[in-house]
Every structure is written in structure tokens, then in C-alpha cells.
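**Q** Keeping the supplied structure of chain A fixed, place chain B upon it in accordance with the hints.
2 protein chains.
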Amino acid sequence: MVKLAALVVTTSAIAFAAEPNLMPLPAKYSLGSGRLAIDQNFHASTVGQCGPILVRALDRFAHRLSMQTGIPGQGGPLTSATLEVQCDHASKPIQALGEDESYTLEVDSKQARLNAPNTLGALRGLETFLQLVQQDDEGFAVPVISIQDQPRFPWRGLLLDVCRHWMPIEVVKRTLDGMAAVKMNVFHWHLADDQGFRVESKRFPKLQGMGSDGHYFTQAQVREVIEYARDRGIRVVPEFDIPGHSTSWLVGYPELGTDPGPYQIERHWGIFDPTLDPSKEAVYQFLEKFVGEMAPLFDDQYFHIGGDEVNGKQWTASEHVQAFMKRESLKDIHQFHRYFNRRLQAIVQKHGKRMEGWDEILEPDLPKSIVIQSWRGQKSLNEAVQQGYSGLLSGGYYLDLMQSTEAHYAVDPVDESLGSLTDEQKTRILGGEACMWVEFATHENVDGRIWPRAAAIAERLWSPQSVRNVYSMYTRLDAISRHLETSAGLTHRSAYGAMLQRLAGDDRVEPLRVLADVVEPVKEYTRSSGNPDYTQFTPLNRLVDTVRPESDAGRNLRYSIAAKDWAAVRRTLVLWRDNEALLRPTIERRSLLKEIAPLSTNLSQVAAVGLAALDRIEGRTPEAPTLDASQILRNAAKPVAELLLMAVPGVNALVTISIGGKH
Amino acid sequence: MVKLAALVVTTSAIAFAAEPNLMPLPAKYSLGSGRLAIDQNFHASTVGQCGPILVRALDRFAHRLSMQTGIPGQGGPLTSATLEVQCDHASKPIQALGEDESYTLEVDSKQARLNAPNTLGALRGLETFLQLVQQDDEGFAVPVISIQDQPRFPWRGLLLDVCRHWMPIEVVKRTLDGMAAVKMNVFHWHLADDQGFRVESKRFPKLQGMGSDGHYFTQAQVREVIEYARDRGIRVVPEFDIPGHSTSWLVGYPELGTDPGPYQIERHWGIFDPTLDPSKEAVYQFLEKFVGEMAPLFDDQYFHIGGDEVNGKQWTASEHVQAFMKRESLKDIHQFHRYFNRRLQAIVQKHGKRMEGWDEILEPDLPKSIVIQSWRGQKSLNEAVQQGYSGLLSGGYYLDLMQSTEAHYAVDPVDESLGSLTDEQKTRILGGEACMWVEFATHENVDGRIWPRAAAIAERLWSPQSVRNVYSMYTRLDAISRHLETSAGLTHRSAYGAMLQRLAGDDRVEPLRVLADVVEPVKEYTRSSGNPDYTQFTPLNRLVDTVRPESDAGRNLRYSIAAKDWAAVRRTLVLWRDNEALLRPTIERRSLLKEIAPLSTNLSQVAAVGLAALDRIEGRTPEAPTLDASQILRNAAKPVAELLLMAVPGVNALVTISIGGKH
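Chains as they are written, first to last, in my numbering: chain A, 1019 to 1681; chain B, 1019 to 1681.
Next up, chain A with everything else stripped away, as it sits in the complex (with noise of 0.2 Å):
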């Protein structure tokens, strides 16, 4: 479990020189004076020669901008060009690893000019430009600014499991919308799994038709999908996750798996027992042929093929692998592993890629062209650069963990506190990827585990390493959220307020909102460990499906403490003492909320140990009787309903100041 009283933060943190309101923020940048403004005479132009990705991309760009103003794209005299976009080349006809993302922005009074060397360039300026765009006491308009901008690392990808629950081609759609908003340029596409499989294979039918209960994309889907994303500057690395993960995979060819079978699609969450059989030759012959199908398909240089949770128990079970193991000499499970994993190399280079692979699959045999992905975290990656390979980190940037935002973004891919690296083997860190495993989300939910957290990540494998002040950070993050949901499509904020509506039933929505906005998941692997129930069937619909991962509410209350705002303070405290009162009444009607009555009460004690604690700050007689207030906040630290409440941490700091302690 997270630790509460870690979350308090010192007055000194919330300091900060004011910054544009950009993610990530910029290379460099200097704000001048003055604005440009956006009204119904402002237009885009190309200069050059970006191809038709940069034509298409003005024509969302107007959109965009439309939506984010109200003002309609058409209609005013066009006049001269208001943003003149120029670039020397287009971009690859597939977008590669490394190609030149940089740009440069100038805005003047009068208009403002983005210039790129390629069509990347010009996507990634085009983005800053719509952050930039903000409603004055004027009208719309964009800071005078002067940027030149590149990232830090070339692979900044965002992991989305579409196995554990379906999530319809329109969730993939606007959740690359909302990495190009922040940047991101590598779709990581987890499309196998024991709970699904989630592709068509024209070869192999019943992979999707027996292991996928109908969710799976046509590979004209596919297409669709990867144009979609090239659009964006993204590029789509699909995940076959082999041998293990695998169940889906035997549903339909259970002669693929070392026990017999027959098998079914996994519902459970968790590690299973079937693998395919890496003994059989059959099974070498099949990826040759699937493989040979989806290389074409997905176009990217990089094949992941998963490699990861192995446990090995069917093998160790078996006569014939043992048998196998014997005749090849091969010592243990890790070495039978590593046979399958150089073998399924050779496949995947021999249809022209480059094989990608959890940590798992790290051994010196494999060619150095291959990609370790770390979820095991810096370490790790360090150690696979270190022995001459190309990485990648995810370890510390699981969203599904329901980890803070400033959490995520203190993990650096670059960590040498673990013991230095050469220049030569940092360059070999190629980024990162955030990655969303899906166990507990739905196309409903998925936008807000998503979002806004990765745009923080995004900010720490695109801005330089230095960019690393929290406030600021949050700050930025607030008006990103709401850019993402009125510039980007996604629906993190508004599923968040349908969701809460569908737990009130008719009643008045508001009440439960209070409550709802300082509750947190429980984190990590809470949810999975402590039930075994849960299945791919079980209603996501409950307040912790609902809430966000991270409260904003109970962060601002710790740094209204912080900043001794005690007329802040105290309202926030008056709000959540007396909306008990207002709640429970739904509560009461409300089956699906029955389980948080306890949550409720505990904010309203918690909030009046608080206000008591604030009087005696304030030197006021406290209103309250004597609580009990350790015991109270012992008590609500606890998890209700799989949730925590986050009103805990601030009340902890206050209560110590007004004992005279330091928090």
C-alpha cells in the first residue's frame, strides 16, 4: 500500500516560475510580451513540400481549434497566413525509430511561423500551438513564445491491453488523439493474451474465432488504425505475447500447447500454466506462417513478442519436453525459454524485423538488434544496455497501478544512482513506454486511467531531464486534462461525471461527487490479489471503477496546508464534514453504494478532527467535542470498498501542526 503520510508536502515544493501551459514543456523556450490572436480571421498554411499527412493534419488543426473556440472554421476573408507551417521534407513513407521530430515556433503579435525539417516536426509544433491557445480578457489568443523543441528520447510509447476487456476501435482512435496531444510517437498494441485474442488471422481462423468471443479487429481495422496513427507522427508495434499468455492462442489449436487440452478462454486475472510447447516443431512451423501473415500487416521495423510470466509448469510436468530438454541439452525451464525465444528470433528477423521482448527475454545468445522492454525497472534495463542491447522502460510507468502522477514522473528511464553508464549505453536507452493493462478497465473507464496521468510521462521521455518541478508539473496538468477532453476527444472527464450519475441514480449527483473526488483506488495489485473473483465478467460499475486514480482534492487540501491557505482549509474541510448529511439519503437507496457508507462517515470525522485541529491553529476554541482523533485517522486510513481516502494525509499534517510539530 502506497504511504499517506509520504504525500505531504513541504511549503518550498510549490514554488515555481510560471510556465506556459504546455506537455511536455518544450526544449527550450523564451515567452516574450503580447498575444497573437485567434479570431475568425485566422488561418493555416503549408509552405514546402510535408506531404499529404501535413494536409490532413491542417484540416484537424482547424477543427481542433474550432472546438476549443467556438469559433467556426470557415467564413472569415482569408486574408494572409496567420500560422505559416513550413517543412523541408516529408517524413518516411513508414515512420522509423529516430527520425528528426524537432521544430521551432515563433509567435509574433502578427502571425506565427512553425518550421520543421519534416512532416514529424510539424505535427509535434502543430500540438503546441493548440496547448498554447487560451481565452483572455481579449478573446482566444496565443502568447507571444519563441520555442525550439526536440525530444529527449526517440521511443515515447503508451502500452494499451485490448485482451483483458475488449476496447472498441474508437477507444485505440482517441487514445492515439491523446498521445499525439502529448507527443507520443510509439502505439504499443498488446493484442494477444490469455483472455483474448484479439486479431484476425486469415491463416489461422480460429485464433480469433475461437479465442476472442467475437472482439477482435479485422486486419482492415488494422489498416485503418496504423493510417490513423502514422497521421499522427505515431508509430504501432503490435505485442504477440509468446509462450506464455497464451491460452487464447489454444483455445483454437490446442496442439500448439504442451498438455493437451482441450482449453478456454481465461477469464481470471493472473499467471496460468498454458504456454505454447517450444519442443514441437509444429509450433515453429505455425509462428512461421503467423508471423509471416502479420508482418506485412503491421508495418513497423519492431515485432513484440512478449516473452514475459512464464511459469513453467506444464513444461516441468511433461515427459516429452523433459525428454526434449534432455536431448538438447537444455538445463532448466530459463534455458528451454531462451531455445524458444532464439528460435522465434530467427522467424521474426527473417520477415524483416526487429524482435521486441519483455525483460524475460534478455540472455547474451540473442543478436543485439533486438529491444528489451523493462517492466522490471531501471535495473534491469540497465543491465540489458549494459550488455549491448537497446531498451526500453515501462517499470514505474504501469497506470493501472493507480500511482500518483508526481509518482510516475520522479521514475527517469536514465538512472544512475544504480551505478553509471557510458554515453554509448545511454544512447542505447531509448525511451520509455506508460502501459495500461486493462484487468480492471473497460472502454468506459479506460480514458481516466489513462489520462491525464501519461501526459506527465510524456513530459519525462520528451522534455529535457532537468524539467522536473511537481507543482508546476500539476499545474500544467490541469489545463492539459481539459485540452485532451475539448481539443483531443477523450472522455475522461465526462465518463468520470456519467459514471458518478449512474451511481446516483435519479438523485442529485452532487453529494456523491464530493465524495467521489477524495477517494482513490486502492493501488498496485490490491484489487487482483485480494479478490480471486474477479472475472472478465464482473461489472466494472462500482466507485472504485469510477473514481480517478490520483484525487486532486486531497492533493490541493495538503498544499492549501502547505501554503497555510487556512481560509481554504477550512472551507474544503466544511464541505466534506457536513456532505455525510446530503449522502447518505442516496447511500441508503443505492445498492451499488451501500459498500462506501463507512467512506462517507470516515470523511465526515476525519474532516471534523481537522476543523478542530485548524481552530487551535487559528487559536479558536474548537467547535467539535473532543474526538478521538488518532483513532479516527487510524481507522479511515484503512481501505473501504477498495478505496482509500485521501482526505487522511492532509488532516495527518494538519493535526501535527496544531500539536506544534513539524510535518
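A hint or two may mislead.
Selected chain B positions facing chain A (in silico; Cβ < 8 Å) [unchecked claim]:
1) G1157
2) P1161
3) R1356
4) A1516
5) Q1519
6) N1549
7) P1557
8) L1558
9) N1559
10) R1607
11) R1608
12) S1609
In silico lysine-lysine, BS3-like type, Cα no more than 30 Å apart, as pairs [claimed, not checked]:
13) B:K1612 <-> A:K1128
14) A:K1191 <-> B:K1444
15) A:K1307 <-> A:K1191
16) B:K1444 <-> B:K1386
17) A:K1128 <-> A:K1191
18) B:K1397 <-> B:K1307
19) A:K1397 <-> A:K1541
20) A:K1368 <-> A:K1307
21) B:K1128 <-> A:K1612
Since the hints were made in silico from the structure, they are not lab data.
All C-beta atoms, glycine included, are put in the ideal place defined by N, C-alpha and C.
**A** Showing chain B alone in chain A's frame:
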């Protein structure tokens, strides 16, 4: 301007028996005790021959139920059917006016049975079932109920203008979803007007090519919309408004006009001079081919030719028209227009259609098969049916005039206060149509202009005439408004929030929402007549474009006063009084809000007047200094920024009570 004083209610009006959250209310129903649980095992199945439309409807039903409950639509063991849908036969391949739409729905605590003579009734019954789903203290459920239902009128329509502002196909589709949810059955698609020609003609491609700014529906999209509508039990009647309202036709084909042109797409609102020229034989040749192309594309039996608002100025001024009229013994412009209608009717009839038109086409010479749509009101409608025509009412149902739901709800197509009608004449009153003209609506705010008010008009046209309790209607409307968003996919609630946030920029939106909740746009034609500078390109991003046509907060205050719920009245007034201080900084920072500064001040002052009155009523010494209440209220009743402050009627009533008067 609407009379604010008339909006005050009396206590007696708000007493009514509890009714299920249905809109429209069924013809007959009887609530039992107990509930049918909607859990993971719930599913629906069909018996009988309902055809593929019902199969698709059950797919949508499952998805919508899942959206309403958050319970996945798959995975439970399929034991016995929980909702059994039975229909005797499929509805007609092309849905016809007057087809049976009746159904019965029997829900007991074990299962539900929906029976209907045909598919249409089954569709209606499924909507009823979805509206009945509620979360109670045990889970999701439908109450035990017995329903025998059928519509009062066979024509229950909604007109959507897609000309004044372009409405993309997504808007059309979700409008159809909303219509289906409230059992409306005619989508009147206003496709051509001065400001845009919105359908692809292959024979006359300059119609859309030069008359639409590129915003038109392809013929494939038209077919898609018709199929989408048919799946939902909705007929699609196209309107091509001629001979007036036809500027957009003349841009590409000026030779059809009386004046030689050239013509440009009209950008302003109003009644304009350009007309097709009834004296030109080429016009009829053109219309013969045009109707010949459109008649099979739109396969409904009815074809709407508009016919309204011809000012005749070009005709009067034209020598060749005057000569023609003399030759044909047409005494005036009116007879000239009649001549056109007779020839047009012959063309329409030749292509297998029944002609429909607005009041203006009414004349004794046309065959009785035509349908008159009355925008002028019941008097005009009664004249039509007395002359032997069929007709439907739209006067009183114009959603763009920003009237209260109550006002629309009070309008009945059959109004015998204007003179009695025979039963046969009454039968020829086919029903009515709500109309949404979009001079002041875009794809962003159009849902909020139509919904939820159109649901009350749908009830007027479906439910027995005796269903008229306004307080019951508002209570159910509140529930149906949420249902329309959760279950039918409309955006009237989420778009309101998003547009408010855009106005507030990065500031907290809540204080703006408090004010927005208690204002309404000015009524009737005040906006267009008051400001001739409005055009198709004017940004519709102000508060007047954002707020709801009817303020729930304003009405709730009046109801609280009528119920003498002084605690609720005080809570509301305190919130309003104190809002000014919270909202003022945002108003000063945001140019779009500057115009509402006086409105915010007025709200605060009116609330203070109300609080002083309430203090007197409750026998307290007023906190506030003596206010010139009448001057404040008079001042606050004036529109500001095209907005009306709906706090005024309630506070007026409160002041009257406080000085011992009756309100």
C-alpha cells in the same frame, strides 16, 4: 417576451400520484409491488417472426442496458429468457403511416413478457422497458408492472434543419436514437434552404457542389440514415423547400430563378427574395428530373415541398412573370404560387408520393391526399381538416424559440376551443412535429436545444390527452433527460458542461455553472430580429448559446416557494447571493464572459432581495440593509447579453408573500 409573472405556480398544482419514470406515459398501466432484478443473468430473447430489425434491436438493447447498469452484456449463464419478446409478424418493409405500434408489457418478479402485433410495437415496448430500469437498494431492477400501450396519434415527428448550420451525420443519428427512446416516429429532414443545399444530386451536382460549402449528405449517407431510422421504427420524410427559401439552389442554377443572378449562398437569417420561377417551363422540367431522382432515394410515401414564406418581390417586379400571370389569368402572387403548387403536386404524385407542405400551400384545388403541416397553429390546422385535408401541428412545438417545456406541453393538436370538429375531421389530424430550426444552433449545442424538451412533446403526441400534470411531467422529464444521455447517447448534458468550461477557460467552472443554471436565452425571435449582424459564421460560443432553454433552478425555486420549503429557498438564495464574489474574477479574465458581468451582479442583488423577503416571512430581522426591491427586480428582469435571469419570477413571488399578498 415571455411573461415572467405567469410562471409562478400554486401549491395545488404540484400534488400528483407517483408515476413510473416513463415518458411518454403509456395509454394504460398498473404498477404492482415487487421488482424484476436486472443482473448478470438477465437477457432478452424473441419468439415469433419479427424479422431482422428486431434482432438488431435486441443487440442494441443489450448494449444500452449494459451502459445503463455497467453490467457487461455477456458472460452470465443463459438460463431462461428474462425478457421474452413476441410479435405476430414483421412490420412493413417500408414503414407506413398508421401502422400498428401497440404493445403490451407484463413484468412480474420472475420475468417480463413483451407482446406486439408487429415489430414496431416491439421496438416501442423495448424502449419502455429500458426506461423502467432503475438502481434501487438491492441492485438494478424493473418494477412489477402491467402495460397496455398504443399511441394517440400516428404521426409524431421531429424536424431537424441541417441547412442554417451544418449538422453532420453523427448528429442525425443520435437525434434518431433520442426520437426512438421517446417513441417518435417521423424524422422530418429539412434538407434545402437559402443557407445550404444538403443532399447530393447526381443529376444536378451543382446543387450541392455550389450550394453547400461542401457540407452535404451523400446519397450513400442518405440511405444509411434511412436504414438507421427504419431500424428504430422511424420514417424519414425529406423536405426540399420551394419555391421560396431556395437561394442555395440558384447558386448553381441561376436560370431557375426569376432574377438572372448570380446568386450566392445566403449567410443571414430571415425571409429572402430569391425564388424558383413558376412561369418558366424549364423549372418544371428541372423539378421533374430532380423529384425523379429524389423520390426513390427517399422511399417514404410522403415528400415535403415546403412552400412557406414566399415574399413574391422578384415576381412582382418581373415583367416576364407579370406577363405570364396575365396570360394564365392569375390575379395575384398568391394565385401564381398556387399554380406552382398544382404543377409541383402533379410531379410529386407522378413519382408515387403524397405531397406535404406548410400552411401556405393550403388551397381548395389540390387533391385531398396532401398533408398540411401547420406552423401557424391550431386554427390553421383546423381549417385544413375542415376542408378535407390531413394535417399535423407544429405551431407551438418550435424548439428553437426557447420556450418552457410546460408551454409546449400545453399545446394539443386537437383544440376545439376554436370551433368543434367532427370525429372524421379529428381523425385527419395526424399528429404533430417538434421543429428544430438551427439559425442559433450548431452540432455542439443542438442536442441541448432539442432535448429533453422534445420528450414532453412526444408525450403529448403519444399519451392520452388526459395526461397533463405539469409537475409529474417535470419530475419524469428530469429522469428521461439522464436516460437520453446514458442510454440513447445524446450529449445535451455533457456538452453543456464542456461549453461552460470553455467559457471559464482554466478557471473553476462551478461559479459560472451556478449562474448559467439560472438563466435562459431570450425567447421567440428576439435574437434574430434584435441583431441583423448574425450570420452563418457568427461564433455561437457565448453563454446564451450554452445555457439551457429552460432553467431548472429557476423553476425549482418557484416550486420550493409554492411548497413553502423555506429551508430550500434559503439555501438557493444564499448560493446565488454569494456567487458574484466567486464568479467575478473569471468574468474579468475571460473576454466571452465580460457581457454577463451585470447578470452576475443582478443575480446576487435579486437573491439578497429574496433573502430579505424570506427573513420577513420567517419573522426574522432582515440581515440585508433595506433594498429598493422593486427597482432591483425591474432592472433584473431586463435581458442582459440575450439572457433572462430566471431568479426573478420566484423572488417576485417571495416579495409578494412577504408583504402579505397572494402570489
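**Q** Next step is simple, just say for each hint if it's right about the structure.
**A** Hint check results:
Among the interface hints, the one on B:G1157 holds; its C-beta lies about 5 Å from the nearest C-beta in chain A, closer than the 8 Å criterion. For B:P1161, the suggested interface contact is broken, since its CB lies about 14 Å from the closest CB of chain A, more than 8 Å. Interface restraint check: B:R1356 against chain A, minimum CB-CB distance 38 Å, threshold 8 Å, status violated. At its closest, the beta carbon of B:A1516 sits 7 Å from a beta carbon of chain A; the interface hint therefore holds under the 8 Å criterion.
With a cut of 8 Å, the hint placing B:Q1519 at the interface with chain A holds, because the nearest CB-to-CB distance is about 6 Å. Evaluation of the B:N1549 hint against chain A yields a violated restraint, the C-beta minimum of about 16 Å exceeding 8 Å. Nearest Cβ of chain A to the Cβ of B:P1557: about 4 Å, under the 8 Å cut. The hint holds. Of the supplied interface hints, the one on B:L1558 holds, with its beta-carbon coming within about 7 Å of a beta-carbon of chain A, less than 8 Å.
Hint on B:N1559 holds. Least Cβ distance to chain A is approximately 2 Å, under the 8 Å limit. Interface hint status for B:R1607: upheld, as the beta-carbon distance to the closest one in chain A is roughly 6 Å, under 8 Å. Interface hint status for B:R1608: upheld, as the beta-carbon distance to the closest one in chain A is roughly 5 Å, under 8 Å. The beta carbon of B:S1609 is positioned within 8 Å of a beta carbon in chain A (closest approach about 5 Å), and the interface hint is therefore held.
Straight-line distance between C-alpha atoms of B:K1612 and A:K1128 comes to about 25 Å, which keeps the hinted pair within the 30 Å bound. Between A:K1191 and B:K1444 the CA atoms are separated by roughly 53 Å; this puts the pair beyond 30 Å, and the hint is violated. A hinted pair counts as satisfied when its Cα atoms are at most 30 Å apart, and A:K1307 with A:K1191 qualifies at roughly 29 Å. In summary, the hint linking B:K1444 to B:K1386 is supported, as the alpha carbons are separated by about 15 Å, within the 30 Å threshold.
Between A:K1128 and A:K1191 the CA atoms are separated by roughly 35 Å; this puts the pair beyond 30 Å, and the hint is violated. Restraint check for B:K1397 and B:K1307: not satisfied, since their Cα atoms lie roughly 36 Å apart, outside the 30 Å limit. Of the pairs offered as hints, the one joining A:K1397 and A:K1541 holds, with about 23 Å between alpha carbons and a cut-off of 30 Å not exceeded. A hinted pair counts as satisfied when its Cα atoms are at most 30 Å apart, and A:K1368 with A:K1307 qualifies at roughly 12 Å.
Distance hint between B:K1128 and A:K1612 is fulfilled; the C-alpha atoms sit about 25 Å from each other, no more than 30 Å.
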